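**Q** The lines below spell out each chain.
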Amino acid sequence: MRVEQIAVFLENKSGRLAEITRILAENDINIRALSVADTADFGILRLIVDKVDAAKKSLQEGGFTVGKTNVIAVEVPDRTGGLASVLKTANEAGLNVEYMYAFVNKSAEDAVLIFRFDEMDKAIEVLQQGGFVLLSGPQICAL
Amino acid sequence: MMWVEEVETLPRPGLESIQLKRLQKQVRRVYDTVAPYRSKMDDAGVKPGDIQSLKDLHVLPFNTKDDLRDNYPFGLFTVPLEKVIRVHASSGTTGQPTVVGYTEADIELWASVMSRALAMAGVTPGDMVHNAYGYGLFTGGLGAHYGIEALGATVIPVSGGNSKRQITIMRDFGSTVLLSTPSYALNLADAMADVGVSPSELKLRVGIHGAEPWSESMREEVERKLGIRAVDIYGLSEIIGPGVAMECLQTDRGMHILEDHFLPEIVDPETLQPLPYGEVGELVFTTLTKEAFPLIRYRTKDISRLIAEPCACGRTLVRMEKVMGRTDDMLIIRGVNVFPSQVEHVLVGIEGVEPHYQIEVNREGSLDTMSILVEVSENIFSDEIRVLEGLSKKIQAEVKDMLGVTCKVKLVEPRTIKRSEGKAQRVIDNRKL
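Chains A and B, in that order, are what the protein sequence lines are.
For the first sequence, my numbering assigns the number 1 to the initial residue and increments by one for each residue that follows.
For the second sequence, my numbering assigns the number 1001 to the initial residue and increments by one for each residue that follows.
If you are wondering where the hints come from, they were derived from the structure by calculation, not from laboratory data.
Among the hints, a few may not be true.
Derived lysine-lysine pairs resembling DSS-like cross-links, with alpha carbons at most 30 Å apart [what the hints assert, rightly or not]: (1) B:K1021 with B:K1047; (2) B:K1021 with B:K1065; (3) A:K57 with A:K88; (4) B:K1083 with B:K1164; (5) B:K1047 with B:K1065; (6) B:K1065 with B:K1083; (7) B:K1065 with B:K1322; (8) B:K1393 with B:K1408; (9) A:K57 with B:K1410; (10) B:K1025 with A:K13; (11) A:K13 with B:K1410; (12) B:K1203 with B:K1164; (13) A:K122 with A:K51; (14) A:K68 with A:K106; (15) A:K122 with A:K88; (16) A:K13 with A:K51; (17) A:K68 with B:K1408; (18) B:K1393 with A:K68; (19) A:K13 with B:K1418; (20) B:K1065 with A:K13; (21) A:K106 with A:K88; (22) B:K1164 with B:K1225; (23) B:K1301 with B:K1432; (24) B:K1164 with A:K13; (25) B:K1203 with B:K1047; (26) B:K1047 with B:K1394; (27) B:K1164 with B:K1047; (28) B:K1065 with B:K1055; (29) B:K1322 with B:K1203; (30) A:K13 with B:K1400; (31) B:K1065 with B:K1203; (32) A:K13 with B:K1394; (33) A:K68 with B:K1418; (34) B:K1418 with A:K57; (35) B:K1164 with A:K68; (36) B:K1040 with B:K1055; (37) B:K1394 with A:K68.
A quick note: this is a predicted structure, and the numbers were derived from the prediction, not measured.
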């Protein structure tokens, strides 16, 4: 149960994020979730979108370096301790989080946590066994 | 086949004694016949008789392109013009053209060194040699032409241009050897694809390419696209033209210098001190036998190194490394000589990194800083910060290792580095010196 995420290399200069969102809008691509990781010199934009391949292609044509990676989307009730319970399970299994970000879905009852773990297969197994709800790409887009 | 085997495999002491005799004679000749040489040597307090060993070469003054320009057009000729049977000239794109002259003996010498160079690439009588170097004032076409004839191979004096016709000729005449600039070889390969001729329909075996800088990756491309072995040839009109140095088929590195006629040195481009074999610096040539237009310690501005190790082919002639760059491109960063090509070398050695880079030099306070901008291609991109930072650190460490200079590495988006006419501007020097 993996979700495809696209990552875009961002040089630290003004207008790059605006350019990316402009391209996505022009190509009728909807962003479901995003995060920006940054250092002093560059950043990485990570996106979950409804049309992954179209997004990748249009950004590449716009001159960006784009990568596609798999992440795990975990749905938890939007209440205190939701994230903590996932991390506790992951930690107990010896999994490391490379990065994560989150969003609350429209109904505002659930939160979706996006994870990249060092061992993805193991993470899926451990979380499913722990009773967590993992979402697929289409499921996220349908939220 | 080894042309003039007795010279090319001579043990070093024998070769050096020939070089010394020729050097002494040449220095005496230029001193006696060319006023600018005489006054330069007088100013340096050097007399022809001071040359007692090859090492004494180091006391002689250098010459540069400026000396040629100052004495434009014929001021450095050692013989009256009636003895000069040919002149060639540079294009003059970077200033006044430089003019070179040849006596009858010079033309013979040129044909001889060029034929020896061709033999190093395995060319023999019976070969059909497609000479696509330009004929004219440029030394490439005619220089190669006479060498091919002297060797006894068949020359097709096709010159440059009209690629489609060239391909037809190559196919119909059965050309076995191609002489051209490396970029023209690639141009021919592309044109072949356009006209639907496959390399397998040709008899081409070897390509001899020079007259412009080219990288190892370009060599691989020529070899792959044309299905040939591509070798490097070195020459410059001031020294004689093509035929100064040539790669043999047995080596994987460097070109044999026709040392019995062209005496090489490597000097530090800043201090002008001679450097030992193996060190990187500016290539300097002294022509030992040329008559009309000899040159003493001519600074080529080409960056290379000399390889003294014996070659598998049996030649004792020293080899020069593929030209790594020009002294004009050299940067001095905190006292260290840095050539952009060295940075490129580091980058292409790192898996996935494309050689799209730019070097930015700044002065912060009194300290020079070097930043290397590297375009992030999809091969090296990762969605994880630590992977990209690891890449930066790796580049930084390898540059430090190779050049001894600490640099900053800045990862930039593709096509950020300005390309003018397909050629990237490699260096931006913001220092006010």
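**Q** For the pair we were handed, A:K122 and A:K88, check the Cα-Cα distance against 30 Å.
**A** Holds: A:K122 and A:K88 sit about 15 Å apart, inside 30 Å.
**Q** Starting from B:K1065, check that the Cα of B:K1083 is at most 30 Å away, please.
**A** holds, 24 Å
**Q** Taking 30 Å as the top limit, are the C-alpha atoms of B:K1021 and B:K1047 close enough?
**A** Holds - the C-alpha atoms of B:K1047 and B:K1021 are around 16 Å apart, at most 30 Å.
**Q** Could you grab the alpha-carbon distance between B:K1203 and B:K1047 and see if it respects the 30 Å cut-off?
**A** Cα-Cα ~55 Å, so violated.
**Q** Taken at face value, is the distance from the CA of B:K1432 to the CA of B:K1301 at most 30 Å?
**A** holds, 23 Å
**Q** Hint check: A:K57 vs A:K88, CA-CA at most 30 Å. Holds or violated?
**A** With a Cα-Cα distance of about 38 Å, the restraint between A:K57 and A:K88 is violated, given a limit of 30 Å.
**Q** Quickly compare the C-alpha distance for A:K68 and A:K106 to 30 Å and report which way the hint goes.
**A** Given that 30 Å is the threshold and the Cα spacing comes to 26 Å, the pair holds.
**Q** Verify the proposed pairing of B:K1164 with A:K13, using a straight-line Cα cut of 30 Å.
**A** Cα-Cα ~47 Å, so violated.
**Q** Does B:K1065 sit within 30 Å of B:K1021, going by the straight-line distance between their CA atoms?
**A** holds, 26 Å
**Q** Given the hint that A:K57 pairs with B:K1410, does the C-alpha gap stay at or below 30 Å?
**A** holds, 25 Å
**Q** Compare the distance between the alpha carbons of B:K1393 and A:K68 with 30 Å, and conclude whether the hinted pair is satisfied.
**A** holds, 24 Å
**Q** Taking only the CA atoms, is the gap from A:K122 to A:K51 under or equal to 30 Å?
**A** Measuring from Cα to Cα gives roughly 27 Å; hence the hint holds.
Violated hints, in rising order: 3, 4, 10, 20, 24, 25, 26, 27, 31 and 35; the structure is consistent with all others.
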